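Given the coordinates of chain A, work out where chains H, G and F with the ligands should sit on it, guided by the hints.
Chains as they are written, first to last, in the UniProt record's numbering: chain A, 1 to 413; chain H, 1 to 413; chain G, 1 to 337; chain F, 1 to 337.
Do not rely on the hints blindly, as some may be mistaken.
Here are some chain F residues the structure puts well away from chain G; computed CB gaps all over 12 Å [stated by the list, open to error]:
hint, residue
1, Ala2
2, Thr3
3, Thr19
4, Gly43
5, Lys47
6, His48
7, Phe124
8, Pro191
9, Leu197
10, Ala213
11, Arg215
12, Ala238
13, Arg266
14, Glu303
15, Asp319
16, Met335
Calculated lysine to any residue pairs in the SDA-like style (CA-CA distance at most 20 Å, straight line) [said to hold, decoys possible]:
hint, chain 1, residue 1, chain 2, residue 2
17, A, Lys176, A, Pro148
18, G, Lys47, A, Leu10
19, A, Lys176, F, Gly74
20, G, Lys202, G, His185
21, F, Lys202, F, Met1
22, H, Lys176, H, Tyr147
23, F, Lys47, H, Ser204
24, G, Lys47, A, Gly20
25, H, Lys176, G, Gly107
26, H, Lys176, G, Gly74
27, F, Lys202, F, Gly43
28, G, Lys47, H, Ser204
29, A, Lys176, F, Ala106
30, G, Lys47, G, Asp15
31, F, Lys202, F, Ala42
32, G, Lys47, A, Lys373
33, G, Lys47, G, Gly203
34, F, Lys47, F, Arg23
35, G, Lys47, A, Arg18
36, G, Lys47, A, Ala14
37, F, Lys47, H, Pro128
38, A, Lys373, A, Ala95
39, H, Lys176, G, Glu108
40, H, Lys176, H, Pro128
Since the hints were derived computationally from the structure, they do not count as laboratory data. Just so you know, these numbers come straight off a predicted model, no measurement behind them. Quick reminder that beta carbons are idealized off the backbone N, C-alpha and C, glycines included.
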Amino acid sequence: MDPAAPPLRLTFGAPHARPGTAPDFSDFPVPEAGAMRRPPVDTPAEEMRDLAFGMIRILDDAGEARGPWAEALALDDAAQLEGLRHMLTLRAYDARMLLAQRQQKTSFYMQHLGEEAISCAFQRALRPGDMNFPTYRQAGLLIASGYPIGTMMCQVYGNDGDPGRGRQLPVLYSSKAHGFFSISGNLGTQYIQAVGWAMGSALSGAEAIAAAWIGDGSTAESDFHAALVFASSYRVPVILNIVNNQWAISTYQEVARGSVGTFAARGHGFGIPALRVDGNDYLAVVAAARWAAERARRNLGPTLIEHVTYRAAGHSTSDDPSAYRPSDEGASWPLGDPVARLRDHLIARGVWSAERHAQAEAEILAGVIEAQKQAEAIGTLHQGRRPSPAEMFDDVYAEMPPHLRRQRQQAGF
Amino acid sequence: MDPAAPPLRLTFGAPHARPGTAPDFSDFPVPEAGAMRRPPVDTPAEEMRDLAFGMIRILDDAGEARGPWAEALALDDAAQLEGLRHMLTLRAYDARMLLAQRQQKTSFYMQHLGEEAISCAFQRALRPGDMNFPTYRQAGLLIASGYPIGTMMCQVYGNDGDPGRGRQLPVLYSSKAHGFFSISGNLGTQYIQAVGWAMGSALSGAEAIAAAWIGDGSTAESDFHAALVFASSYRVPVILNIVNNQWAISTYQEVARGSVGTFAARGHGFGIPALRVDGNDYLAVVAAARWAAERARRNLGPTLIEHVTYRAAGHSTSDDPSAYRPSDEGASWPLGDPVARLRDHLIARGVWSAERHAQAEAEILAGVIEAQKQAEAIGTLHQGRRPSPAEMFDDVYAEMPPHLRRQRQQAGF
Amino acid sequence: MATMTMIEAIRDALDLALTEDSRVTLFGEDVGYFGGVFRCTAGLQQKHGVARCFDTPISELGIVGAAIGMAAFGRRPVVEIQFADYMYPAYDQIVSEAARMRYRTAGEFTCPLVVRMPTGGGIFGGQTHSQSTEALFTHVTGLKTVVPSTPYDAKGLLLAAIDDPDPVIFLEPKRLYNGPFDGHHDRPVTPWRGHPLAEVPKGRYHLPLGQAAIRRAGTQLTVLAYGTMVHVALAAVAETGIDAEVIDLRTLLPLDLETITTSVRRTGRCVIVHEATLTSGFGAELAAQVQAECFWHLEAPVERVAGWDTPYPHTAEWDYFPGPARVAAACRRVMET
Amino acid sequence: MATMTMIEAIRDALDLALTEDSRVTLFGEDVGYFGGVFRCTAGLQQKHGVARCFDTPISELGIVGAAIGMAAFGRRPVVEIQFADYMYPAYDQIVSEAARMRYRTAGEFTCPLVVRMPTGGGIFGGQTHSQSTEALFTHVTGLKTVVPSTPYDAKGLLLAAIDDPDPVIFLEPKRLYNGPFDGHHDRPVTPWRGHPLAEVPKGRYHLPLGQAAIRRAGTQLTVLAYGTMVHVALAAVAETGIDAEVIDLRTLLPLDLETITTSVRRTGRCVIVHEATLTSGFGAELAAQVQAECFWHLEAPVERVAGWDTPYPHTAEWDYFPGPARVAAACRRVMET
Ligand SMILES: Cc1ncc(C[n+]2csc(CCOP(=O)(O)OP(=O)(O)O)c2C)c(N)n1
Ligand SMILES: Cc1ncc(C[n+]2csc(CCOP(=O)(O)OP(=O)(O)O)c2C)c(N)n1
Ligand SMILES: [Mg+2]
Ligand SMILES: [Mg+2]
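Chain A extracted, bound-state conformation:
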């Protein structure tokens, strides 16, 4: 017994604020836009560790694009306007589906509010044939790759227009043609699958790269580790995305992150270069994604990207965040709103205006509502044309084995 030693104790990470206290992001450092250097993509990992501790930001408070990442990006106006449109579409879609769930047209829904930039922008770095392994909060990848939102709605309703035949929980979309791998309801599992997919591409002499996605909380899962081990071992052409939206249901990101400063730093244990990017900055996300994609395509190995953002809505329609965080916390989130930031940038550059924005919002909402009408004309969870329950027995195997045929018969089909 050491008389000098204090009693042992554990540390329990806690959020800045809980209900009943004022939101507080004062210890959340927000680096200046444009300040982060942009090393060449083939810089050795150990010479760019600083990138995991700062933050790549392009858009400043005045809506101006700044710094070396902005210069290298050079995204033209049309692309930026398209990006804005993607984000607005996702936001309108979310609003309608949230409502549809409240109207019991579906069982469950998950919003992207505040995180729209990440998936909408990232898709821009990919090419046809590349494959995302998304989580449930990256529907922007689908929208930005031109997937019909009507079909997304059919998935949410599980109606006869759902390509997945109503088998999966709402929002767990899948589209091979759009580079969107079927989402699993299990956290983390697809991170290593993305690595395996990219290995398969490289082993096949193909050109496609993969992008893995995971939430801040889910980095604690084992699959995350396996992915980093394999990606590092074989120098796999994959982009390893972490979406740090500060919360994992009711659990603050610090519980998963531990005593390290950032999630991006996780890459350093494996010699994987890591970027930390302002996830509410559409341009910064495109810039970081392209840098990482170039590394993958040039056989320079994996890149890890931590996208820093804030989950402005509840975790899902089953969640009420006011039980565990101040309800006005989102308003004081220091990285702002991704839609507003890109909008203001475009207005500042004179290619957009408040009026055109309002008009675009209305148009997009009308389009979403129109798609919704068509989807609902097919059916919703409890009404209209739904996949026949007989289909429940299909696709368990390529060919239905005898015992399933017997069971289908017993079930009356």
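Here is chains H, G and F with the ligands on its own, set in the frame of chain A:
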């Protein structure tokens, strides 16, 4: 398609040499003994990242103890001589058990050859009540804590003197009283258990700390990640040891390590301070272990230690390493032999001599042989007194449930 | 005596355990400040402090692995896996470590650990919020597996599980959390309030692990069920008018074979009901034991009604879920033989 | 025609698959340069290149998870888990991902993956080198589970498994790798050399998954077994002199129920043998199906002979392992009823 992009490919890590080629450690940097700085234990993790990339070495080629780690250590002669004796005991024990396996007195054995310093030295940093969660290659922890080698032999023989009643594979010892947690045959699983045990200690207001152990290859397992996540999150009083003996059966350590320089760097992804230590240097291991133990006891959180060594023998008695590495590779291992290095240091300091060493070796071997005789008088795998097969049904549960009672009856007991 | 929902009964048991045994520690995903996504631990962190009830990183392996270490230290961890569907990442720790700790050390180290997890379907949760994984535990020697079907049982069995010196898998049928669901998804749910099996005494009481309960005495047919299916079976039996004995197993392992065989030897007929997929489900073990023990008394083959051998579907949930219609049909079939 | 050991037959199948199908890729712990701890892939990296057959980090989760992604890409991964006892860390990927990929995407993404693993005991491997985990796979819908018992079958079934469009668990009884072990650990092992079931044709042939083989025709009793236990059952039957039909299931899922019921309806008696622990083992499913399908033909209860419900012990291995004596006793018991 990018015409400039090269075809995608993977990198496959390979060892320096394979059978038929000459051993080659020329790209293995061996930092000078005494060169590594020794920061105060409460230094912030981000200010001592260099410790993961160099190597703590105390004993130089001339057998002299050098540098700040040596100065802080100040291990007296008696302790050093005892350390030498522990290593010699382990080596003699290994030799006898290897032979016993070849004589079919047991089914299986695993040696420590070349790695004796690590477990023998580490135990010196622990106190009664502390708990190791070892792998199968840390029997030195038992020897250094005074566990009777005769009882170890009984475990290997699975005879009636085996406290584990012949249930476990040879070498999977267990002794709560000696701070040696039951070894699992599953790689990695116990790493997170060590963290949980230390959490339990802290939550109970106890003073005991834990030490987790894992091999280089096994760091790829999921449990390793879980352990680092939990240790980092709650700042757990645990020492996370990685024994990098260059090989995981036939697989070179680079396959698990990937593109990162060292296994110690794994800690940095979690903000966990990491030491890299010359595992063939008894004094360096004690010094590093004490530094880490002090951190744990002072609630400064976990420390990761990579012990660099070389597995000089086969993986186990089932393995023939000449199938996958040059048989003379061990001879060119640049960190030398741990026993010889401590012996030479003691001789250089004038407290030991070649004669006394030879005499000690003989004495120790005689002692081991005597213990072996006694163990064999009880029994070996196929002969003598063995636990009754009826005991097979005990300890599945605290109280035997009816179905097991029925089965035991059916089995004729 | 108060009536409680199953959630309240579980919370009451946990509260009591925390109060009476300083070794008890709860942790899991969202179980701390928030009190769990099903609110089974709501208020317990606030009452007992963060060190007794805390949030973990999202690693089921980590949760169970750390709990094993803690149990070996001498504490009594009670951990929550957010849904049984998410227990797979922890399966290695449960099977290879918790279940065999006592055995492989001949009792030197033990693992008094309770792993709670909401189980089963009926809430439109799709394939990852609906699974029934009990057969994956009953095949693992060294574990005990418990599935309560009422608030009263939930409290008594959970307190017994926490006091048990060995690892216990405690499966909570989420469809029963708020009311004794009878399988008719198109009718309003009955609440637990006022239900006799929801009368939960204050204070500590134990229901011994390994004892079944006869929920309905009968002479013509024995129905074996557990969890949600107990209520479905009762509804089905009522509809058929068959004088069936409905046995609620409560503990699957160790199994109360005595109660089962006594009944089947008397009735000569047996129907087994569970939600999990049929093949290699726990019903297989029950059928195998019943035919072996009651062979000379059986007048019809033992029938199993179970989830179909498909993943749990989302929109077709009520075609998948073994409801009163399917159970009743099986009962009639067995009676006609 | 050459006779081969089971290891050689497996290697031959893998070699052929690598040669004929450029999508096939092998990987796992030590399978690359060294050729696997049981040498099933020896020489294949040297012959086909490191990109076709390579070593992985020690992460069963990583091995299977990466293989799933690769299979979804369009390759045909054939991975090795070093021992079935180490499949648990990969269990989540197998159950939650591989098994349900086709279903949850309505066929858009599929998972043509083979997971090979040495299974079973009899080599003094203790609890972590001896387990039989098949029942943990047969409960998982979407998987196929195969257990060969001869070199000829091993090659034909493995080639069929590799060509199968769905995930296949391929369990290799390690006790049979070098000879048709008959359960008498105290007698010299018979080698495969010269054994008729070890005659392995050159080139490709498929044995369809889902077809059992009758290893010994008989009229008095049906013995159901797979893997090592087929040989133990044959030895036991020979010793008893009972005219038993011994059926080697070969594929557990999908099960060849037809062959089983045809036999049991004829013999009226059935003994099931497996190494895995009894409770919730695959024998339970077999017994449940046999009693359901052959109820009116059965003249005695279906008996199961299995590993005891304890972890696999080291020194008491031969008291645990179901040997000819236990199987013969069960056969006699069933005949006497
Ligand atoms: C293996 C597994 N464990 C637990 C869950 C339950 N769960 C669903 S979402 C979630 C939180 C995830 O947080 P994060 O990774 O940060 O993603 P976010 O929701 O913030 O996008 C949890 C615990 C799950 N789906 N899968
Ligand atoms: C979960 C699991 N997977 C695989 C194995 C088989 N195995 C036993 S030792 C070993 C190599 C371990 O290498 P390393 O971690 O470097 O430890 P070392 O043997 O070098 O001390 C392997 C693959 C195992 N025991 N457990
Ligand atoms: Mg999050
Ligand atoms: Mg090693």
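Which of the numbered hints are not met once you compare them with the structure shown?
14, 20, 23, 32 and 37
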